[in-house]
Amino acid sequence: MHQFRSKSSWLDEETNFQGMTVTDHNPLVHIGVLALQGDFQEHVAMLRVAGAEVSEVRTLSQLSSVDGLVIPGGESTTIARLLVAFGLMEPLRERIESGLPVWGTCAGAILLASDVPGLDRPPLGCVAMTIERNAFGTQVDSFETELAIAGLEEVFHAVFIRAPAIKDVGKGVEVLARLENDQIVAIRDGSLLATCFHPEITEDPRLHELFISIVRDAVSQGQANKSHLLESQFVTGSGDNRD
Amino acid sequence: MTNNGSNETPLPNDASGKDSTGETATWRVKTGLAQMLKGGVIMDVTTAAEAEIAEEAGAVAVMALERVPADIRKEGGVARMSAVEKIEEIQKAVTIPVMAKARIGHFVEAQILDALGIDYIDESEVLTPADDRNHIDKTVFRAPFVCGCRNLGEALRRISEGAAMIRTKGEAGTGDIVEAVRHMRQLWDGIRSLQNMATDELPTAAKELQAPLELLREVKELGRLPVVNFSAGGVATPADAALMMQLGADGVFVGSGIFKSDRPSAVAEAIVKAVTHYQDPIVLAEVSRGLGAAMRGEAVASIPVEEQLAGRGN
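Those protein sequences? They're chains R and S, same order as listed. If you're matching positions, the first sequence starts at 397 in our numbering and goes up one per residue. If you're matching positions, the second sequence starts at 41 in our numbering and goes up one per residue.
None of these hints come from the bench; they were simulated from the model. Keep in mind that a hint or two might mislead.
Restricting the straight-line Cα-Cα distance to at most 27 Å, the calculated cross-link-like pairs of lysine-lysine (DSS-like) are [as the list claims (entries may be wrong)]:
hint: 1; chain 1: R; residue 1: K563; chain 2: S; residue 2: K132
hint: 2; chain 1: S; residue 1: K247; chain 2: S; residue 2: K260
hint: 3; chain 1: S; residue 1: K114; chain 2: S; residue 2: K126
hint: 4; chain 1: S; residue 1: K260; chain 2: R; residue 2: K563
Quick look at which bits of chain S chain R covers, simulated, 3 or more residues with Cβ under 8 Å [stated by the list, open to error]:
hint: 5; stretch: 86-92
hint: 6; stretch: 111-121
hint: 7; stretch: 152-161
If you're wondering where the values come from, they're calculated on a predicted model, not measured in any experiment. Even for Gly, the Cβ is constructed at its ideal location relative to N, Cα and C.
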């Protein structure tokens, strides 16, 4: 893995892919991890363990082939800059608006927000929320803590690194977790998920499993819509015949 | 690809404490910031204006220092921690992490940087060493440390002293990539050797590498260092940056290569893009266009060994 990493990571992917089992109840979903900068490898590893087909996303064609996307931790200014530079910002926004499930962790959460004071480039703006960057201070104030998260039975060990905090959420945005001082640090808005902390650098896959189930629901919903559409076309067609 | 290795490293966390939100300065929090910097470029800056250019170009962090290594090399004299006002000015100018260098063994410079709330301290051979025998005990600080290495033994000694991130040293201020390549290859050669070793050969290897056995066991199991490893010392072009990434770096430090070039802003942005698409020669060709002259540099082969910086601190 030290050299020619593209080859070895591709091999990893194949092995993992072949090892997956696909059933009707548990359809294999294809999740992309935005790999412009940040801890995307940690997300890739975690999602594979949690049972998804995973690939890194750096280009438009890679983006168009995934059922869901994780925007990892990293520097939000850098990732935003690269999204624009490589022509991914608008296509990604369009896919999210047409229903692509996305989970943003830390920098990813910042990019999903509609309002980010002090970010020098406009974010994706897909979730109605205000998020404050570096809300807890510099690195010496980074921390880890036990967090109660709506929908999870046991507390989650959450790692906050130069983390943002969500100051305000719009209508329809569900708050999943707050710190003891009441700051919001996890939300869900339909099939969009945002966390201010980094589950990918712990050993707890529960939030990755939650996101996979969100993607799975969106995929089967999409298939249902498609077959519904086919059905209605068929019904219309047969109606025409009758006429 | 093995990940999350940093979580398993058994190291003391003397600096860790509690505040209203949770536990601070833990090993996971320290190594975690380095994980967030991966796939990114950390740029040397000497002023707030340069820091702004770096942030605008997409740097994941800036390294505040008084003179870039090329000038330290040219002007000589004692190179120390940057002036406090300079660091504060840079901290105010950008929202990305701000790192700063302390002299090897100068734990009071490190205490000052920690008090300033610096995001990462680089105990660096680029500055004039303050202690020719000992490095700083990095476990007692709130701020995490990055240290340089030329090979596996040196990397593991720094990690055992508490470094939460490693960079291969290269030869700073030269614009010559040869030492960066040598050190990265030596590091991976050491890791590969451990992986091929029988378990009962590790104690002898630990003696030879002058590094703790426990860390050797961990590296053998992970197939990589237990912390993030960047490349430093000699990167001057997007091609240099992509070369180091293909050789197994997690990211790249660029010192003199940016602000000693004809077009700093364009070079900075091109190197950022090259690190993201390091495996894609078409993108690399595209970003290498129109950058003007790279820093002129100085071939390492023409520098007497005793004047090379990489030998400082072992």
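**Pair hint outcome, K114(S) versus K126(S) [Cα-Cα no greater than 27 Å]** = 21 Å, holds
**Given hint K132(S) paired with K563(R) - CA-CA distance at most 27 Å** = 22 Å, holds
**Message:** Using C-beta distances, would you say chain R covers the stretch 86-92 of chain S, given that this needs three or more residues below 8 Å?
**Reply:** Result for this restraint: violated, n = 0.
**Asked** Under the criterion that the straight-line Cα-Cα distance not exceed 27 Å, is the pair K247(S), K260(S) satisfied?
**Response** 16 Å, holds
**Message:** Count the residues of the stretch 111-121 of chain S whose Cβ falls closer than 8 Å to any Cβ of chain R, and tell me whether that reaches three.
**Reply:** violated (count 0)
**Request:** Could you grab the alpha-carbon distance between K260(S) and K563(R) and see if it respects the 27 Å cut-off?
**Result:** The hint is violated at about 45 Å.
**Asked** Are three or more residues of the stretch 152-161 of chain S within 8 Å, CB to CB, of chain R?
**Response** Since three or more residues must qualify, the claim that chain R covers the stretch 152-161 of chain S holds, with 5 doing so at under 8 Å.
The structure fails to meet hints 4, 5 and 6 from the earlier list, while all remaining hints are met.
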